[in-house]
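Those protein sequences? They're chains A and B, same order as listed. Here our numbering is used: position 315 in the first sequence is 352, and no number is missing along the way. Here our numbering is used: position 422 in the second sequence is 625, and no number is missing along the way.
Don't read these hints as lab results, they were simulated from the structure. Hints may contain errors.
[What the hints assert, rightly or not] Label pairs and their calculated CB-CB ranges:
1) Gln-370(A) <-> Asp-336(B): 50 to 60 angstroms
2) Tyr-51(A) <-> Thr-319(B): 29 to 39 angstroms
3) Lys-371(A) <-> Ser-393(B): 29 to 39 angstroms
4) Glu-127(A) <-> Val-529(B): 39 to 49 angstroms
Using N, Cα and C, we set each Cβ at its ideal position, and we do this for glycine too.
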Amino acid sequence: MALLEVEDLNVRFYTEDGVVKATNDLSYQIEAGERFGVVGESGAGKSVTSLALMRLIEEPGVVESGEIRFKGQNLLDLEYEEMRQIRGNEIAMIFQDAETALNPAYTVGEQISEAIRVHLGLNEEAAKERAIEKLESVGIPDAPQRYTDYPHQFSGGMQQRAVIAMALSCDPDLIIADEPTTALDVTIEAQILSLLEDICTETDTAIQLITHDLGVVAEFCERVMVMYAGHPVEMATVEDLYYNPQHPYTVGLMSSIPRIGDNRDRLQTIPGRMPDLIENPPGCNFHPRCPYAEEVCTRMEPPLVDVETGVELEEVASDQQTAACLEHTGDLQKGLDYTVTVREETSMEADGGVTDE
Amino acid sequence: MSDSEPLVRAEGLKKYYESETDFIDRLLGRRSWVKAVDGVSLEIQEGETLGLVGESGCGKSSVGRTLLQLQEATEGSVYYRGTDITELSSSELRDLRQDVQLIFQNPQSSLNPRLTISDIIGEALDIHDIVDDKQRRDKKIKELLDRVGLNASHANRYPHEFSGGQLQRIGIARALAVEPDFIVCDEPVSALDVSVQAQILNLLEDLQNEFGISYLFIAHDLSVVEHIADRIAVMYLGKIVEVGTPEELFSPPQHPYTEALLSAIPEPDPKWEPDRILLEGTVPSPIDPPSGCSFHTRCPRVIPPKDFAFEQTEWRSLLDLRLRIVDRELSLDKIAADSDSQGMDAALRDLFNIPQPLSDPQAEDILSEALSHLEEHDFEAAEEILSEAFVSPCSVHEPELQQIEHGRAACHLYDSRYDDGSIEPEVRP
């Protein structure tokens, strides 16, 4: 049994314009201590997925169907109070914007202590001590002094560290990090990522990292799910995904990143944009933007299948690669036509990269 | 570089903002200045793209805005085709806006939600009297929309009906309406998804090839800048620390800051093992930037002082300790409590990764004396001893941009005068 099992999750938002299908039959598992990445562009349903895990979907959104099993227990069946006990205690969340995640009217230390008092039932003094310990563990210099600082006295990177300290305060088993480094500069991003990596290894905490940055995923994650229009389109280990991508959307994403040291005059682009999720295109959602789309793609919705056998899997082993493209069920006539070139390491640049031929 | 006058040239550009002070401070005349731009000189040739990169708060957007005189420069001059535009009257400036334009980072907030697309673009045409009759105005707007890859029949829609990438195209069409020669692009793609980002970057390049526009391309993402720019300038705390073509900039020798920035970019390649240079701490406050080279407080290659045989990492750790003592940011009680009877000296060395003993015996004596003062919570004495004994040229002399093997960098590592860590006698404090 995996730590987290999401099965056929369907989240819907009932808006005036119509029903927004934010996630569609989404299934995935995260093992204990695993670093799992969720990638996709804005509107792919990444954040909705993480909010659903925490049961934080608000009106007009509802979890229409599906199960979210955490340690075997379906979170969707829990009472409000029971869920509160899990939130922050066993599953913690790190948000993109640390400044808005912290309450400006309380000191940083007090906000962390509060979580500790509520969840672990420690008294004021013990909670303070633990909070200082956690602030130190995320690399805040002079933590006893900074404990009484207000959020505005922290820099952006420090605020994110404080939010991480808060997430760690009750030793959770799963951390959901929603774009934790997007608002930060690269030098600070590098600090935060290496901090998260250390925490993961030391405490055997699983992390679900949501990001749009393929560089961050390559560096941090062990397994990745690529999402498009509320569907998972590809799921694989990072190595498989980067060196042997099996879905045209993954290929498109990777070839549109500018890389240092490549001398391409023009970047590859994915024409058009993500559908609005109210009226998803029929068949494969990606077909209007897919360079390899055929007539069959407009009719038939591709299942997420094992790329080698073309069979849908009940339970996906962590080293299996699955993709939702008709190529793998044998329904495409011309097939996919791209090659992956891995650049040789030179003094300055790194290798890896996908180019369409 | 050609000898002719560049299209845009800035000389010794400074932009200071008054920092928020309270009433009493103002009453007593205590004012402090945020030195957002602190002496920047740059030039942009016709048809050239100059990339400007740096972390948040380094002053890159302020450079863009002062170049266009959207903000008055505190000091320095900006020349556009040889004319100093800091001297222009406001009506002359308005005429200038036909030639220079700006594209903003956030298209949602830079387009008026109550105007249709055709009015947003038409406004620029009207203000500068570019077309007089209605029919030609409509035709021109349609042409512009077409040129940036939008459906011309959408001209009567409102901004909220478009996606982020499309809005950015509208922003570009608006800038193009007056047929400018120079556009400042302030983070034009950082709010966009990668696939859309690539579309916009390609569009900007096409427009440059077609109309010969020069860009100042401001961004925090080095790989984006490398892709689009002919030359790149790297900024740190209001100053340009290195400038050169992408090839020059990305091959050693480099400014240590450029090196660290480059190494921090996460590569989309799982097997890539980075030689990552982790910069400690955050960017210092631009109100009171560090003395000498403003990067010396974080620089991993800061030059060790003369007369001591330091290992590089040793010296860096020692300098970190000194900076923390100067800022009084050490909770000695807590350190003492955590030290499990190993003593303050050892606990502090532990905390800062300073070896016991230092490789240089003379330096070791000085350090242990300073540490013994800390044991008695005497910060002043410790600070005095360390500051007196260990003086690096990096903390004393301000580096200037100078030619290095390729490109130009502001760093003492490439200045033979400071090779041995000595400092010029006349400026010794």
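Now for the hints, and whether the structure bears them out:
1. Gln-370(A) <-> Asp-336(B): 50 to 60 angstroms: With a Cβ separation near 54 angstroms, Gln-370(A) and Asp-336(B) satisfy 50 to 60 angstroms, so the hint holds.
2. Tyr-51(A) <-> Thr-319(B): 29 to 39 angstroms: holds (30 angstroms)
3. Lys-371(A) <-> Ser-393(B): 29 to 39 angstroms: The hinted range 29 to 39 angstroms holds for Lys-371(A) and Ser-393(B), with Cβ atoms some 37 angstroms apart.
4. Glu-127(A) <-> Val-529(B): 39 to 49 angstroms: holds (43 angstroms)
Checked against the numbered hints given earlier, the structure satisfies every one of them.
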